[in-house]
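> Chain residues, written in single-letter form:
2 protein chains.
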Amino acid sequence: MTQDTTNPQAAYIAAVELEKAYRLINHGPTVLVSASHDAVVDVMAASWACALDFAPPKLTVVLDKSTRTRELVEQSSQWVVQVPTLAQMQMVHAVGTHSLHQQPDKLQRAGVGLVGMPESTLPFVQGCSAWLACRLVPEPHNQQAYDLFIGEVTGAWADTRVFAHGHWHFETAGPQWRSLHYVAGGQFYATGEAFSSGDGP
Amino acid sequence: MTQDTTNPQAAYIAAVELEKAYRLINHGPTVLVSASHDAVVDVMAASWACALDFAPPKLTVVLDKSTRTRELVEQSSQWVVQVPTLAQMQMVHAVGTHSLHQQPDKLQRAGVGLVGMPESTLPFVQGCSAWLACRLVPEPHNQQAYDLFIGEVTGAWADTRVFAHGHWHFETAGPQWRSLHYVAGGQFYATGEAFSSGDGP
Chain A
-14 MTQDTTNPQA
-4 AYIAAVELEK
6 AYRLINHGPT
16 VLVSASHDAV
26 VDVMAASWAC
36 ALDFAPPKLT
46 VVLDKSTRTR
56 ELVEQSSQWV
66 VQVPTLAQMQ
76 MVHAVGTHSL
86 HQQPDKLQRA
96 GVGLVGMPES
106 TLPFVQGCSA
116 WLACRLVPEP
126 HNQQAYDLFI
136 GEVTGAWADT
146 RVFAHGHWHF
156 ETAGPQWRSL
166 HYVAGGQFYA
176 TGEAFSSGDG
186 P
Chain B
-14 MTQDTTNPQA
-4 AYIAAVELEK
6 AYRLINHGPT
16 VLVSASHDAV
26 VDVMAASWAC
36 ALDFAPPKLT
46 VVLDKSTRTR
56 ELVEQSSQWV
66 VQVPTLAQMQ
76 MVHAVGTHSL
86 HQQPDKLQRA
96 GVGLVGMPES
106 TLPFVQGCSA
116 WLACRLVPEP
126 HNQQAYDLFI
136 GEVTGAWADT
146 RVFAHGHWHF
156 ETAGPQWRSL
166 HYVAGGQFYA
176 TGEAFSSGDG
186 P
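Chains as they are written, first to last, in my numbering: chain A, -14 to 186; chain B, -14 to 186.
Everything labelled a hint here was simulated from the structure, so no lab data went into it.
Since the structure is predicted, the reported quantities are computational estimates derived from the model, not experimental observations.
Hints are not guaranteed to be accurate.
Each pair may be met inside one copy or between any two copies, as identical chains are not told apart.
Mimicking DMTMM-like on lysine to aspartate or glutamate, the simulated pairs with C-alpha atoms at most 20 Å apart in a straight line are [said to hold, decoys possible]: (1) K5 - D49; (2) K91 - D49; (3) K5 - E137; (4) K50 - D38; (5) K91 - E156; (6) K91 - E56; (7) K50 - D132; (8) K91 - D23.
Excised from the complex, chain A in its bound form (with noise of 0.2 Å):
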């Protein structure tokens, strides 16, 4: 458990074990990536995460060359892909519409709230389900011609609300804890019900 006494939901929050945190974006859901450097934070949605490898957990992330999280990530070589619910969805929006570079406020503006998770140095946003801390693996090439960053996931810690157990609990967790699927237009649809193929493991 975390100890910042300043996050809310500190009590909640527990460290998932690294080979269970690719199930934390299996689902497929819309992220938010944030990153800081020199004291510059920003906080950008992306439809385009995924995961790419178990152990280490890897994943990867679209970041446009417009946006100026990217910028931090190139200059910091670490970034924070964390999973937001519906109750996040307005923020959401507009994390992903707007640029740090016209809009200096963007964050407050969006009513981002950013907080510390233990031995991290990275910028985690308050309310989500689920934060995978990511160290860059360097692919110059791939990040140049497809805009397109390999993270290994060096931390994961998620809402013991909605994800404990290594297990996404939406059916018992209230709507709110839904995550995200974007679609365009500022069209989404949250996650639904579950269900079971009855013969899995």
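Based on these hints, arrange chain B on the given structure of chain A.
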């Protein structure tokens, strides 16, 4: 519209403009990947597929070295990413947990039906909600080091009962049309309720 009279879905299939093809997978569904070479056809499930660019549309997909589908992709340099439905969950789990290497009649056992699309030699899985024909963008380092394949989308189609005029219509289509979002251990979430941030274009 496809003129394939062997496909009972044919009357409902319409081409999707390439610049809107990303919308077919932007909500992060688990997909099916199909490929063929020298009369061998395989289909696998993939949670790790993601849009990569708008125009020309590109996507990434992770294809493990153990899969026969990957070999067919390497041999033919093309594949289909298709979006299966809740009605197809058992089939998706079956093709995702069995290999053509060990089970030569895998597709028949799983109940996979294959159909054609106009001007394509690729195998398309019947009953899905959307299909994206992909041509390999060769990146041997990504393929070897990360099992990561980049595809340019050369054609896209959808079943107009659930995707029409550039938008998903899960709200009005029957629940069996919902996309699948795999987590682990045979557990899926279906795409859920629609929400608008209220300030989209």
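> Evaluate each hint against the coordinates.
Going through the hints against the structure:
In the homo-oligomer, the alpha carbons of K5 and D49 lie at most 20 Å apart only across protomers (18 Å), although the nearest pairing inside one protomer, at 28 Å, exceeds that limit. Taking the closest pair of Cα atoms, K91 and D49 come within 20 Å of each other only inside a single copy of the chain (18 Å); across copies the shortest separation is 40 Å, beyond that limit. When the C-alpha separation of K5 and E137 is checked against a cutoff of 20 Å, the pair qualifies only within one copy, where the shortest distance is 13 Å, while the shortest distance between copies is 31 Å. Taking the shortest Cα distances, K50 and D38 sit within 20 Å of each other only across copies (13 Å), while inside one copy they are farther apart (25 Å).
For a Cα distance limit of 20 Å, the shortest separation of K91 from E156 qualifies neither inside one copy, at 33 Å, nor across copies, at 33 Å. In this assembly of identical chains, the alpha carbons of K91 and E56 lie at most 20 Å apart only when taken from the same copy (16 Å versus 47 Å across copies). Only within a single protomer do K50 and D132 lie at most 20 Å apart by alpha-carbon distance; the minimum there is 7 Å, versus 25 Å between protomers. For a Cα distance limit of 20 Å, the shortest separation of K91 from D23 inside one copy, 17 Å, qualifies, whereas the shortest one across copies, 55 Å, does not.
In terms of the numbered hints stated before, the structure departs from hint 5 and from no other.
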